[in-house]
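J.: Respectively, the protein sequence lines represent chains A and B. The first sequence runs 31 to 433 under this note's numbering. The second sequence runs 31 to 433 under this note's numbering.
Calculated from the structure, these hints are not laboratory results. The reader is advised that the hints may include incorrect statements.
[Claimed, not checked] Counterexamples of contact, computed for chain B against chain A with all Cβ distances above 12 Å:
#1 PRO102
#2 ARG119
#3 GLY154
#4 THR224
#5 TRP261
#6 PRO293
#7 ALA301
#8 GLY315
#9 ARG316
#10 GLU349
#11 LYS359
#12 GLY379
#13 GLU416
#14 ARG431
[As the list claims (entries may be wrong)] Stretches of chain B that chain A covers, calculated by requiring three or more beta carbons in the stretch to come under 8 Å of a beta carbon on chain A:
#15 105-111
#16 169-179
#17 364-377
#18 417-423
The structure displayed is predicted, hence computed values, not measured ones. All C-beta atoms in this analysis are idealised placements derived from N, C-alpha and C, irrespective of residue type, glycine included.
2 protein chains.
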Amino acid sequence: LRKLHRVSEVLQQARSYAALPPTVRVPVQEALGRYSAELVVSSFKLPPWPKSVVDGYALRAEDAEAAGPSSPVALKLKPGVVRPGSEQRERLSPGEALMVETGAPLPEGADAVLPVEDAEEREGKLLVFRRVARFENVSLPGEEYDEGLVIAEKGSRVTPAALGALILEGRRDILVYDLRARLLNVGDEIVRGTYFRPFTHYVIAAWLQHHGIRVEEISVAGDDEEEVKRWISRGEAYLTLLVGGTSMGGHDVTVKALESLHPEFLAHGFAVQPGKTACLAILKGRPILALSGLPVAAMSTLEIVLKPFLRELGLRLPEYPRVRARLTKRLTVKTGVVGFARVRVYEEGGILYAEPLMVGGSGSLASLLRGNGFVIVPEDVEGFDEGEAVEVQLYGEVAKRHG
Amino acid sequence: LRKLHRVSEVLQQARSYAALPPTVRVPVQEALGRYSAELVVSSFKLPPWPKSVVDGYALRAEDAEAAGPSSPVALKLKPGVVRPGSEQRERLSPGEALMVETGAPLPEGADAVLPVEDAEEREGKLLVFRRVARFENVSLPGEEYDEGLVIAEKGSRVTPAALGALILEGRRDILVYDLRARLLNVGDEIVRGTYFRPFTHYVIAAWLQHHGIRVEEISVAGDDEEEVKRWISRGEAYLTLLVGGTSMGGHDVTVKALESLHPEFLAHGFAVQPGKTACLAILKGRPILALSGLPVAAMSTLEIVLKPFLRELGLRLPEYPRVRARLTKRLTVKTGVVGFARVRVYEEGGILYAEPLMVGGSGSLASLLRGNGFVIVPEDVEGFDEGEAVEVQLYGEVAKRHG
Chain A
31 LRKLHRVSEV LQQARSYAAL PPTVRVPVQE ALGRYSAELV VSSFKLPPWP KSVVDGYALR
91 AEDAEAAGPS SPVALKLKPG VVRPGSEQRE RLSPGEALMV ETGAPLPEGA DAVLPVEDAE
151 EREGKLLVFR RVARFENVSL PGEEYDEGLV IAEKGSRVTP AALGALILEG RRDILVYDLR
211 ARLLNVGDEI VRGTYFRPFT HYVIAAWLQH HGIRVEEISV AGDDEEEVKR WISRGEAYLT
271 LLVGGTSMGG HDVTVKALES LHPEFLAHGF AVQPGKTACL AILKGRPILA LSGLPVAAMS
331 TLEIVLKPFL RELGLRLPEY PRVRARLTKR LTVKTGVVGF ARVRVYEEGG ILYAEPLMVG
391 GSGSLASLLR GNGFVIVPED VEGFDEGEAV EVQLYGEVAK RHG
Chain B
31 LRKLHRVSEV LQQARSYAAL PPTVRVPVQE ALGRYSAELV VSSFKLPPWP KSVVDGYALR
91 AEDAEAAGPS SPVALKLKPG VVRPGSEQRE RLSPGEALMV ETGAPLPEGA DAVLPVEDAE
151 EREGKLLVFR RVARFENVSL PGEEYDEGLV IAEKGSRVTP AALGALILEG RRDILVYDLR
211 ARLLNVGDEI VRGTYFRPFT HYVIAAWLQH HGIRVEEISV AGDDEEEVKR WISRGEAYLT
271 LLVGGTSMGG HDVTVKALES LHPEFLAHGF AVQPGKTACL AILKGRPILA LSGLPVAAMS
331 TLEIVLKPFL RELGLRLPEY PRVRARLTKR LTVKTGVVGF ARVRVYEEGG ILYAEPLMVG
391 GSGSLASLLR GNGFVIVPED VEGFDEGEAV EVQLYGEVAK RHG
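Take the sequences, apply the hints, and build the full model.
T.: Next up, the structure:
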């Protein structure tokens, strides 16, 4: 048996050969969930000037310092009302007040707004019945939106709030990574249709889609090295995924095809359980990942090899929610091997429990359906004892009781 | 001022008037992330028969009980090899062994498989050098896939694993909820183009999209009750969202239009901060939500009114990851009011801190960009003290240090 590669070492080596995906400019309205390829920083302040947040009277706080319910201060009331959207800033002299509506720019010289209910107009004067703090009822420049806010970082996904900020900045488009994938299902029995309903490639495609990676092609090839090679060479997408034909014994047409393309980097066989037959190659700077056709092994490779690899490159693939839960039974993995252990997390009496679902091995779609999360057991850990608290990554909702 | 409605009461009342969304049949390949409208349960076992998981010899465990490295047991070796995909079950009599490949059906009568390396063929006999446990190296029926597994529940989203199971079941389509939304931006200043880059409706649309709700239309209407009414009546989508024109004082054209349509249910004004001017109506069984045009108020209404409402109806909208973090300063909300408090969660010295970002109020897009999560302060809680641990819902990644 060949030596298995440590995942951490492979990722570190592969990283130095891999290029980032190409970039593409997309309209802002279509950018939600895309990975930004540029740092976007905000460029102006809102409000641009101090603004009233109530209907009331703009004044200088110091002019009303002596005001009280029974000892009102009289200010000179300037005629007119400042409305929101006024283009021209008004001006107040000491001892003056001016009516302002909610959202109106504060006149220059004023530093507070007294709500209408706390004052009274009388013969061109404003009677002020209480003190008012500086900046009371005033929204200061930059409170709503400010210069220098990070709207999108390189590699981060565009969020709803970021999309709003891009529109507010007047941006029409944004540079994002062109993160497309092609998928090839390898196997004579799949081409001939004798394999009973192949489905793992759909699970893989759905995983990619869920992580914001567009699957632009799903094809099938027989156990034919030349055919697999030709298909790989034909593609333009950044990511290439090959499903099946990765055995470390006989059935390894996929790995042979990859090797014969002379990639800059290739590692076959990972110290991961399940998913040890996976193969990661870098060809012309682009990652090619070959995975098992067994669903749990494939999922393990996606979570333990592909996701950390893309995150190391700076693409912030979303993480699942993590919870700590107590194991209902012992969970063991071979030493020196990273374990991908499916669990079902449920709550009982306010405590979270994680039930290991090791049964059935790498082919067990049942364990993925029964389970709602997984535990990644590090290389240097042999496992965890019953009752021990482990960190679970949840891909489904916590169950309400033991089911 | 009108009395504000308690959110919990409104949701309970509205629920009894609301119908579930209509359903639609979609091809399985397009079902990822859709909300299932049917309970799908698995219908068969895989493997259908016991299966070998190694290359080796099928035998009866009891026949090899006496075997040891220096005292091999000799079994009668039946000629031939059972390959994976063999249609016909072989049969073993006591004292017999038969070669099987990985994935091959176990012959009837056999109950274990001895790996090739632990045996030796000699003159038509198989020498067995070790004992083997019953079912060792055998995958039992149902281990990979079983009858009665829940593939999709009513109201749950179709996951990658569920999609694989649907394909495995031979399903071509699945009944899902037709969860579409229409969005109307209300305001003369938006129609006239004098409003400075309106963006809140894009944030709302992106939020809906992120939660698996398709936004099929975004339109604009002036402050004209009849125009708003006509637009609402024209729609076919399950969800209708109206942005702006919801003031509890003057500018409330949206609410007036809603009232004049005589919905079965309408509540205007929520005990929520920010987002108190929101309005929820049920018209012909379909929810119509009017929200503030201010981004934080709108986000608060989406998280505190719309998400719980749809979840109560049985649509399992995804939840954000939750973490407990210590407040870096006091966080207060008016009593009797649900608070939507933006925070920035960061890690320092292995401890998670949550910095409240209350500045700027309901218009502060800055607080949504600076922050990465929110705390929902219940109606009966006035707030939390500095240093207190609070539950934060994270819409972004935890920051690495105070930023």
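J.: Compare the structure with each hint and give your call.
T.: Structure-based check of each hint:
With a cut of 12 Å on Cβ distances, PRO102 of chain B stays outside the contact zone with chain A, its closest approach being about 24 Å. Every C-beta of chain A lies more than 12 Å from that of ARG119 of chain B, the closest at about 16 Å, which supports listing it as non-interface. Its beta-carbon lying about 26 Å from the closest one in chain A, GLY154 of chain B satisfies the requirement of being farther than 12 Å from that chain. Distance check on THR224 of chain B: its Cβ comes as close as 7 Å (rounded) to a Cβ of chain A, failing to clear the 12 Å threshold; non-interface status is violated.
Listed as outside the interface, TRP261 of chain B is consistent with that label: its C-beta sits roughly 20 Å from the nearest C-beta of chain A, beyond the 12 Å cut-off. Distance to chain A confirms PRO293 of chain B as a non-interface residue, since its nearest Cβ pair spans about 28 Å, more than 12 Å. Every beta carbon of chain A lies more than 12 Å from that of ALA301 of chain B, the smallest distance being close to 20 Å; the non-interface claim holds. The beta carbon of GLY315 of chain B sits about 27 Å from the closest Cβ of chain A, which is more than 12 Å, so the claim that it is off the interface holds.
Listed as a non-interface residue, ARG316 of chain B keeps its Cβ farther than 12 Å from every Cβ of chain A; the least gap is roughly 23 Å. For GLU349 of chain B, the non-interface assignment is contradicted: its Cβ lies about 8 Å from the closest Cβ of chain A, within the 12 Å cut-off. Here LYS359 of chain B stays apart from chain A, with its beta-carbon at least about 17 Å from theirs, past the 12 Å limit. Residue placement check: GLY379 of chain B keeps its beta carbon more than 12 Å from all beta carbons of chain A (closest about 19 Å).
Every CB of chain A lies more than 12 Å from the CB of GLU416 of chain B, the least distance being 22 Å, so the non-interface label holds. ARG431 of chain B, annotated as away from the interface, keeps every beta carbon of chain A farther than 12 Å; the closest lies near 15 Å. With a cut-off of 8 Å between beta carbons, the segment 105-111 of chain B has 0 residues touching chain A; three or more are needed, and the interface restraint is violated. Counting residues of the segment 169-179 of chain B whose CB falls under 8 Å from any CB of chain A gives 7; the rule of at least 3 is met.
Using a Cβ-Cβ cut-off of 8 Å, 0 residues of the segment 364-377 of chain B lie near chain A, which falls short of the minimum of three, so the contact claim is violated. Coverage of the segment 417-423 of chain B by chain A is violated in this model, with 0 residues showing a Cβ closer than 8 Å to a Cβ of that chain against a need of three.
Comparing the model with each earlier hint shows violations of hints 4, 10, 15, 17, 18; every other hint is respected.
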